[in-house]
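A.B. asks: Please model the entire structure based on the sequences and the hints provided.
Those sequence lines, one after another, are chains Y and V. For the first sequence, the tail end lands on 247 under my numbering, and the numbers increase by one without skipping. For the second sequence, the tail end lands on 287 under my numbering, and the numbers increase by one without skipping.
These are calculated hints, taken from the structure and not from any lab test. Note that the structure is a prediction, hence the values are computed from the model and not measured. It cannot be assumed that every hint is accurate.
Taking CB as the label site, the calculated pair distances span [stated by the list, open to error]:
id: 1; chain 1: V; residue 1: R193; chain 2: Y; residue 2: D199; range: 36 to 42 Å
id: 2; chain 1: Y; residue 1: L174; chain 2: V; residue 2: T265; range: 54 to 60 Å
id: 3; chain 1: V; residue 1: R193; chain 2: Y; residue 2: R25; range: 30 to 36 Å
No residue lacks a Cβ here, since even glycine has one placed at the ideal position from N, Cα and C.
Here is what each chain is made of, one letter per residue.
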Amino acid sequence: MTVTESPTDTVVIARGVRKAFGDARTNKPVIDGLNVEIRSGEFVALLGRSGSGKSTFLRALGALDGDFEGYVRVPERRAVVFQDPRLLPWQRVLTNVTLGLPATAAVREQARAALSEVNLTDKAKVWPRTLSGGEAQRVALARALVREPELLLLDEPFGALDALTRIKMHALLLALCRKHKPAVLLVTHDVDEAILLADRVIVLTDGRISLDVDVAVPKPRARDSDEFATLRRRLLAELGVTGEIQL
Amino acid sequence: MATVLSRVRTSAPIEPSTTLVDPRALAEQRQRKQVVPRVLQRFLGPVLLVALWQLLSSTGIFNARTVPPPTKVVEAAIHLIADGSLQEHLLTSLLRVGYGAAFGIALGLILALVSGLSRVGENFVDANMEVLRAVPNFALVPLLIVWFGISEVPKITLITLAVAVAIYINTFSAIRSVDAGLVEAARSFGVGRAELVYRVILPGSLPGFLIGLRLALTASWLSLIFAETINARKGLGRMMTDAREYFQIDVVFVLIGVYAMLGLTSVLIVRFLEARLLTWRRAYDGD
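C.D. replies: The following block contains the structure:
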């Protein structure tokens with residue numbers, strides 16, 4: 001097997017991943033022969049238009065959908081943050097964070113620590129309903145991080161947030177990733193978000209990888225730097241949009 | 001630009017081209033101060049109805065033999081309470097409804113879980129329950145008498161079935177409408193089958209269950225009336241039959257009042273449960 005050739009710090013191995021909805025023989029596959037490796041602590045953004053198969057790939061890695069072909073290996077400690085926070089409305093914030101973990105004092109302490117990392121210490125006992133969109137998504141982030149995941153899967157986690165909240169969330173996410181060092185796969189259709197956050201950007205077009213580049217923009221990344229603009233143009237072109245408004 | 005803005009800000013109000021109004025003048029019309037509390041206002045309708053009834057009785061427009069005046073009905077109620085007969089019959093009926101509701105809730109919940117949590121269970125249970133719902137409760141009375149005689153069993157069974165159907169239908173549909181996204185998220189965070197049921201699916205279907213409970217309690221009083229036509233020696237139904245036989249219209253009115261109060265009490269019980277169990281649905285948090 002070629003698998004053993006992978007370096008030991010590789011946490012995601014995906015080879016020849018293929019998935020078609022319905023009849024796999026006749027229907028066009030949503031993802032078709034994806035080969036992706038993600039190293040420990042690496043932040044990868046998966047860019048693509050709607051229907052390019054990026055969420056399908058994330059769902060395969062996250063064990064949310066086991067119906068696919070190909071060779072895939074992921075760490076046991078994984079966590080997903082979805083586009084909607086998906087907090088249980090009938091559980092207080094703290095209990096949402098500990099969801100699925102043993103109900104011990106130590107776990108509750110870890111959950112409180114995770115909430116303080118997302119600056120929501122004072123919201124531990126409230127109902128999710130009382131949270132704003134950004135707060136709810138921060139709880140979802142705390143719920144993921146409390147598991148100390150080796151692989152963090154983010155499925156357009158900031159897509160439903162307003163622009164100003166999104167900027168704050170980007171900074172928070174980067175700080176948290178620096179601290180916990182999980183490998184991250186961020187699915188997004190936001191080119192700026194991908195460049196701002198990721199070490200590497202993969203563009204998915206019609207279920208295949210059409211581009212796989214390291215982000216060479218120096219940190220801290222500024223949207224108005226030349227490197228940023230160049231990569232932005234390249235990624236937008238890859239996605240089939242010019243980024244300029246024709247008047 | 002700045003000069004234009006400052007000029008506008010300091011200039012005198014412009015003469016309006018059309019009639020302009022202060023929006024508060026319109027808003028205040030809808031926000032009048034409540035002189036009588038809302039709770040008391042709710043009683044206004046029934047109180048006026050009784051007053052009208054008394055008036056029509058006193059002026060002789062209502063025949064006292066077929067429509068006794070409210071005063072006469074109250075007298076009858078006091079008499080029935082004084083000799084203890086109302087309490088005795090009421091207790092018998094309450095026990096029947098109590099047992100029927102308890103068994104029915106348990107049965108309805110178990111069937112809803114069996115049917116809601118698995119497709120196989122749904123295949124076995126759901127169509128049968130739909131059929132049972134389609135059959136009028138009263139139509140089951142002859143069968144129940146043949147099977148169980150005229151003891152307490154057919155009476156409680158009839159109530160049990162009515163309650164179970166209402167609980168089942170609503171809880172099953174509530175289980176099936178629990179947000180699939182929440183279930184998926186919970187699973188992805190390592191929540192097992194049993195924990196999924198009691199942490200996600202049961203709380204998620206609680207609002208639907210409570211709607212079922214409200215309908216079930218209403219159905220239980222209705223079934224009680226049917227059940228007590230089965231040769232009941234005691235119970236509100238028996239009192240009603242006797243009152244009809246002896247043409248005690250005032251007693252009939254008392255019993256209608258008792259049924260009304262029992263129905264309202266069940267609604268209050270469910271409202272209390274909703275307030276206690278569904279606090280997470282409220283927008284603002286107490287603590």
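A.B. asks: Going back to the hint list, which numbers does this structure go against?
C.D. replies: none
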